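Engineer: Knowing the structure of chain P, use the given hints to seat chains D and C on it.
Protein sequence lines, in the order shown, are assigned to chains P, D and C.
As numbered in this note's numbering, residues 1 to 263 make up the first sequence, in order.
As numbered in this note's numbering, residues 1 to 157 make up the second sequence, in order.
As numbered in this note's numbering, residues 1 to 791 make up the third sequence, in order.
Rather than coming from a laboratory, the hints here were simulated on the basis of the structure.
Predicted model only: the values in this text are computed from it and were never measured.
One thing to keep in mind: the hints can contain errors.
Which stretches of chain P does chain D cover? Using the computed rule of at least three CB atoms under 8 Å from a CB of chain D, they are [as the list claims (entries may be wrong)]:
hint, stretch
1, 44 to 54
2, 103 to 111
3, 248 to 258
The beta carbon of each residue, even a glycine, is placed where N, CA and C say it ideally should be.
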Amino acid sequence: MYAFKYTQVGSVDDAVKAAGSADDAKYVAGGMTLLPTMKQRLASPSDLIDLGGVSQIKGIRKDGNNIVIGAMTTHAEVASSPDVRSAIPALASLADGIGDPQVRNRGTIGGSVANADPAADYPAAVVGLGATVHTNKRTIGGDQFFTDMFETALEEGELITAISFPIPSKAAYTKFPNPASRYAIVGVMVAQAADGVRVAVTGAGPKVFRQGDMEAALKSNFTADAIKGVKVSADGLNADIHAGADYRAHLVGVMAGRAVSAC
Amino acid sequence: MTVNVSMNVNGKTVSADVEDRTLLVTYLRENQRLTGTHVGCDTSQCGACVVHVNGKSIKSCTMLAVQAAGAEVSTIEGVANGDELHPMQEAFRDNHGLQCGFCTPGMVMSALDLVKTNPDPSETEVREWLEGNLCRCTGYHNIVKSILAGAKAMRGA
Amino acid sequence: MNEMLDTGIGAAVRRREDNRFLQGIGNYTDDIVLPGQTHAHIVRSPHAHASIVGIDKAAAEKIEGVVAILTAEDFADYGGLPCGWQVNGKNDEPMKEPKHPILAEGRVRHVGDPVVVVIAETADIARDASEKVSVSYKELPSAILVDDAVGAGAAAVHEEAPGNVCYDWELGDKAVVDAAFKGAAHVARLELVNNRLIPNAMEPRAAIGDFNRGTGDHSLYTTSQNPHVIRLLMGAFVLNIPEHKLRVYAPDVGGGFGSKIYHYAEEAIVTVAAAKLARPVKWVADRSESFISDAHGRDHVTTVELALDKDGNFLGLRETTLANMGAYLSTFAPAVPTYLHGTLLAGNYVTPVIYCNVKAVFTNTVPVDAYRGAGRPEATYLLERIIDIAAHDLKMDPAELRRRNFIKPDQFPYDTPVALTYDIGDYEATLDQAMQASDYAGYAARKAESAKNGKLRGRGLISYIEACGIAPSNVAGALGARAGLYEAATIRVNPTGSVSVLTGSHAHGQGHETTFAQVVSDMLGISYDSVDVIHGDTDKIPFGMGTYGSRSIAVGGAAIVGAVDKIINKGRRIAAHLMEASEADVVFENGEFKVMGTDKQVGFGDVALTAYVPHNYPLETLEPGLEETAFYDPKNFTYPAGCHICEVEIDPETGVVEIASFTAADDFGRIINPMVVEGQVHGGLVQGIGQALLEGCVYDDNGQLLTGSFMDYCMPRADDFPNFVVSTNVTECTHNPLGVKGCGEAGAIGSPPAVVSAICDALSEYGVTHFDMPATPSKVWSLIHGGKKAA
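Chain P with its partners taken away, still in its complex shape (with noise of 0.2 Å):
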């Protein structure tokens, strides 16, 4: 790692304060994405703002017909959340397939939406479940929020406060993990949302997506019959040395079909 100068805050007011006043100041949430990132020296921001202290924006709540998860919650209070389960179960199963348990522990829904990794899992909620993201400074929809590869419509020192997912009246969450760093190859939320159905798809592309061609397939009937016929197509999709393109659009295809079943 680079030498840098740390800082912890408080408060949101302090930490956009304090970012504000720094060279090449980074706010480190979990930290699950950005430490091994600065240990390669792949980052070398001047200055880390910890949000760990953070508190007004650690926990969840129920908001009518909202979760709202605030930014330093945890995956793993994500996953073991009573008001998550019971809601929105696609959720915490989401959450509780991310990374592994000790960075269940660590990373947080914040660090990870603010991060915008194509093979993450949080975008997939996000979108697939029509959420809006709070910032210090504004409310951002979901679908709005991921502009492109690591990639956010947050502005410079503008921060995550909180995520607000509408509870859908059924959701699923299935994932192709890649077998040596077990992030989504293809992960597909599929939910029955209150502004109809809605089909997002992380890992596959540059950015999570919404996949038209299956929302409209399925709005008329939701099963995964529906969307058996549903071509995908491979233009634009990611290829690695773990996954070609076709393989990714036939995945989409197998992932998606499973979660509606699993609706």
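Structural biologist: Then chains D and C, alone, in the frame of chain P:
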């Protein structure tokens, strides 16, 4: 930047001046000379460095020492009661759950966290829980057996 | 087994080394901190092949805390890293053996090739400063894959190796074998790749150099499987330090699997630097560095053909292989695809004639050397695959085809056509045992059940033989070995009767501290707790050749037996004196020296005390003390063998392969500790199944390692496997005193073809008869997707 970091490790308050960038595992190994916590990779996957911070298992190679300031940390060195092995350690010994011993401290610390939340895990649950702990010697067979036996012993204790 | 002891030979004694490992109080190299220690970081080549145009150290030298920056010039007085085995090719042409410099001399030949060493007060400063060292390169065309490297116009890795060929070696009479093929009713043929693997012992390599200016003694602490070999290679061939001035200490070592046999540059670097600086110098690899600096394994491209008569009897076998050596010859690399591979091609079968041609090839990749099994997995894989192909071609049952061709128990000792003499075995017995243990007969029901769940089930069955404890030294020497292949042991009986066993067999997970103590306490009839096993330190252990090739019990154990026999013989003379009896009448039983036919006896402890307090002692004819050393040079290899049966379930929608069951029945000869043996089998199986399903080293066209971390190199995890069903069937080795054979590598040797066979069986309806490992979901899906479902 150098900072003084204190924490409670295995029931004792310890402190050292370290750089901001010092990892918890480095703090434990080099500043506290608790070398039972190992480093087997640099991508947060192997789990040889697993310790407990405030009662939860974490990878000490992916946490800064300064982030653990004031925390309760337990490492493999704090598991046995003097010379008497903890039932989980005893189960590893009795079931040949280790060979070269390098992954073992992380395995034991991980297993103890599992049993805390799931006192009676199934074989499948144990295998899935070990996703973050790599072993190259045992083929996992006897590690799984050890954890099941250790959990049983702890239930009986 | 000594009936008085429940800790003797054959008992599942719990391991004594576990006590320290379980409490985190082991002593691995990185745990050692020497006073005044400095830290080394190595600047490595980012290119597969390039000329070094210039090295600018100025900026780095200015950084506070930097102690020294070393380049190849600082090592000009030293030799290159030696190769321990010279293989001669056709017409006795010696292999090409280009220099393997400690630090790159003007040219880098693989990503990871060490170029500059930065030594600083802390590891962080060393790494920070290493980034300020500016090395300018001129990139050169590279040769990455073996088939490309031998092609026309390929880039030359070394000018002295035209066509990148290190040697072109053959075994067997090609004309005779070709003739056998001409008369064959059927010839099965297969092209295959034995995938390149990265060993990844959990403890990364580390080394600490130290130098005592007062005495001129050098010390090297290192993660080695064989400290005496390192002392010999580094002292005699590289640094010119005589043995008595060089201590090599390998403390607790976190796994090796072959990768810690070799003498690596970093060991020489820290030893030299410590002497230059008169301060200890420590180097510890991070995992990313291990990926590009530890010797890799396997990487063979092979064509194999099997000739059979109309009844399925084997008539002959032909193999040609390109074996990747990487950029330089690692310590034992040349022996792996030749004497550890070609000689195993008879397998468990009567194959009258065999021809093997191996070309070793230099490429711009990390050196390749022995990895768990070393040559034997490659031989077993090609042989068992081609037998399956033949069974498929001839529509014969694969188990029956093997059974038909097995060497039968009454044929031992059996001379193979590839230079080995098998002493003993019973291959049908292990086959039957494995079939029974796997519920072979119930397979159809399981397959139907899988089909009901939408899964494709398949089964693979293989037999394997391996050769452990490579020997004898004079034969190995005639074949090019530059070292002996014996082992040494010293038994030091202390005055109060406790025993220190000093063994040259290093332990890094095998449990020698327990199992060797079992052997000695059993033989001497003394308490297990009074026997201590010491290994790993050249200052303590008289000599040793180390641990590799499943040799520890078969060779190291036999040396211990030799030393114990000497102790007993001397003890008998002392006892005879004490009991005023004739030496010929004294026998040793259960820890007592007894005069036959009388009730006179004297205990082992009394004899020990007498040896050191020789008041009533035959001083005129016998020297005091009770310490004996024995060297054991085996007469032959040992030949463990067995049968592995794998059942897989495949999800046809995703291509995911699950190991539904895995059964191994092995003949390891006499078993010292069944618990430890089972553990060795489990570990070997997971490495072998890992090769078949998960692991594969991938370079891109430019020689960049794409599988350079655990994010991309798929390590086996707990949830990839079921529990294994393992058992042993014993035929005792006929030529060593314990009747033992060795068990460390068998799992990794037998399992890859068993898994591949099972997958091919599951995919038979898609016309799949072979594919190259690993069977990733993507590959299996492609096989299904591209295959034709039989009507």
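Engineer: May I ask which of the numbered hints given earlier this structure violates, with the numbers listed in increasing order?
Structural biologist: 3
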